[in-house]
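Protein sequences appear in the order of chains A and B. Using the numbering used here, read the first sequence as starting at 1 and increasing by one per residue. Using the numbering used here, read the second sequence as starting at 1 and increasing by one per residue.
By construction, these hints were calculated from the structure, which means they are not laboratory data. On a predicted model such as this, the values are computed, not experimentally measured, just so you know. Glycine included, every Cβ here is placed at the ideal spot set by N, Cα and C. Hints may contain errors.
[Said to hold, decoys possible] Stretch by stretch, here's where chain B covers chain A in the computed footprint (C-beta under 8 angstroms, at least three residues):
1) 9-18
2) 32-45
3) 51-65
4) 125-137
[Claimed, not checked] Quick list of simulated restraints, FRET-style, between CB atoms:
5) Leu8/B <-> Asp75/A: 26 to 32 angstroms
6) Ile15/A <-> Asn158/B: 28 to 34 angstroms
7) Lys151/B <-> Thr253/A: 55 to 61 angstroms
8) Arg167/B <-> Glu269/A: 46 to 52 angstroms
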Amino acid sequence: MKKLSSFMNSKYILIALTALCFLFIGTSFFTDKLTTPLRNVVSVVVVPIQKGMNNIGMWLSEKYDTLQEISVVMDNNKELQSQVDALTEENNQLKLDTYELDRLRDLYELDQKYVGYTKIGARVVGTTSDNWSSSFQIDKGTEDGVEVDMNVIASGGLVGIISEAGPHYSIVKTITEDSSQVSAMLIDTNETCMVKGDIELMDSGLIHLHSLKKDVVIRNGDKLVTSNISDRYLEGILIGYAKDVEMDSNNLTQSGYLVPAVDFSNLQEVLIITQKKNQ
Amino acid sequence: MKRKVGELILILCFYLFQVSLGRVIAIAGIVPNFLIILPVLFGFFKGKNEGMFVGFFAGMMYDLFFSGLFGFSSLIFIYVGYFAGFFYQKYEEREILIPMSMILIADFGFAFLSYVGNFLLHNRLNVGFFMSRFILPEVVYTLIISVIVYKPILFLSNRLDIVRSRRRIKEIYERNH
């Protein structure tokens with residue numbers, strides 16, 4: 001009995017647990033076989049609760065927003081009434097233009113690429129436990145047809161990519177994340193460049209754009225989409241708009257910033273494109 | 001046993017606070033570190049072994065879904081619980097400043113080590129930025145949260161003891177009769 005209690009000494013427990021942790025760290029370098037079953041078990045318990053909490057939170061914030069909005073709406077109402085008259089007139093003019101545009105579209109047979117992809121909607125249920133990364137957890141997993149490396153979009157722009165998928169949850173790695181790189185191209189000239197997330201730009205909401213050839217003409221607001229040479233991102237998804245691109249000191253490439261098309265600060269729902277690039 | 005299960009449930013709750021509630025209460029993108037509060041307080045209330053137990057599982061939850069290096073947080077949290085255990089029964093439990101300062105040191109150390117591992121070793125030498133934008137706000141926010149949860153956790157921790165001691169009294173009573 002005395003022998004057993006001496007083994008229960010906190011120093012021995014500390015040494016044993018330290019060794020165990022180093023074992024975990026060591027194995028996590030090579031494989032995630034160890035954590036996958038644990039994740040699946042915990043996610044069975046955690047994800048439904050997270051969904052519930054999320055719904056409660058959404059309901060509360062909706063009610064809060066409604067209350068706030070009422071006073072603003074009253075003020076705006078008068079102002080808007082006068083605008084309505086002006087706009088009605090303008091609208092008639094625009095309708096004529098739309099008919100013309102529709103006709104021209106038919107002529108050009110504009111290729112509607114996005115619409116062709118099949119998508120799954122998912123709700124954001126959790127953020128990372130630390131503050132460094134901007135990954136998030138969504139409530140759809142492999143049993144809903146989500147797989148690793150599927151592209152994630154929201155409000156018409158690229159959000160990121162599925163980095164892990166469990167049976168009922170998956171983790172999305174966003175393009176603003178520090179370690180993420182996306183190959184992009186200019187929509188009009190097809191010149192490629194790289195888009196790289198940076199934690200130090202978190203407050204401005206921008207991401208880095210680099211490795212653009214020096215002779216490419218690029219202006220603020222030029223659209224950038226995912227490039228055809230990327231092996232994980234589908235071609236032609238809008239990433240964002242160029243900003244302050246300048247010549248690098250090496251005089252060979254240009255670099256600058258990119259304003260993402262997606263508002264990452266308040267992401268509630270995302271769409272997962274179930275088609276993968278390398279298939 | 002009941003105590004351990006109670007602690008595991010508490011860890012699960014704090015994990016949910018961290019990932020779900022954290023989004024709502026985040027200030028400028030900074031979420032307080034809920035999970036590091038637990039090993040410090042349990043180490044302080046119940047000794048080294050309890051602190052290490054809570055630290056191990058809290059760290060595992062912290063790493064489980066999002067970390068590439070599974071086990072790192074567990075390692076830090078175990079040591080946090082162990083060192084908090086040195087102050088076990090040395091101070092009155094109403095002396096809130098002692099556990100507060102331990103949480104301060106623990107969270108600062110943990111955040112700084114994660115910075116070193118995630119960024120400094122990847123040649124991100126802008127320590128001032130990371131310190132003022134991430135580490136210090138997180139520490140302050142965590143301290144505010146720990147002031148709020150201190151009393152409830154103390155109450156729960158004592159509650160779990162009462163359950164156990166009642167059973168023990170019953171056992172002793174049955175043995176004697």
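Hint by hint, here is what the structure shows:
1. 9-18: holds (count 5)
2. 32-45: holds (count 8)
3. 51-65: It holds: at least three residues are needed, and the stretch 51-65 of chain A offers 4 whose Cβ sits within less than 8 angstroms of chain B.
4. 125-137: holds (count 11)
5. Leu8/B <-> Asp75/A: 26 to 32 angstroms: violated (52 angstroms)
6. Ile15/A <-> Asn158/B: 28 to 34 angstroms: Holds: the Cβ-Cβ distance is about 30 angstroms, inside 28 to 34 angstroms.
7. Lys151/B <-> Thr253/A: 55 to 61 angstroms: holds (58 angstroms)
8. Arg167/B <-> Glu269/A: 46 to 52 angstroms: holds (49 angstroms)
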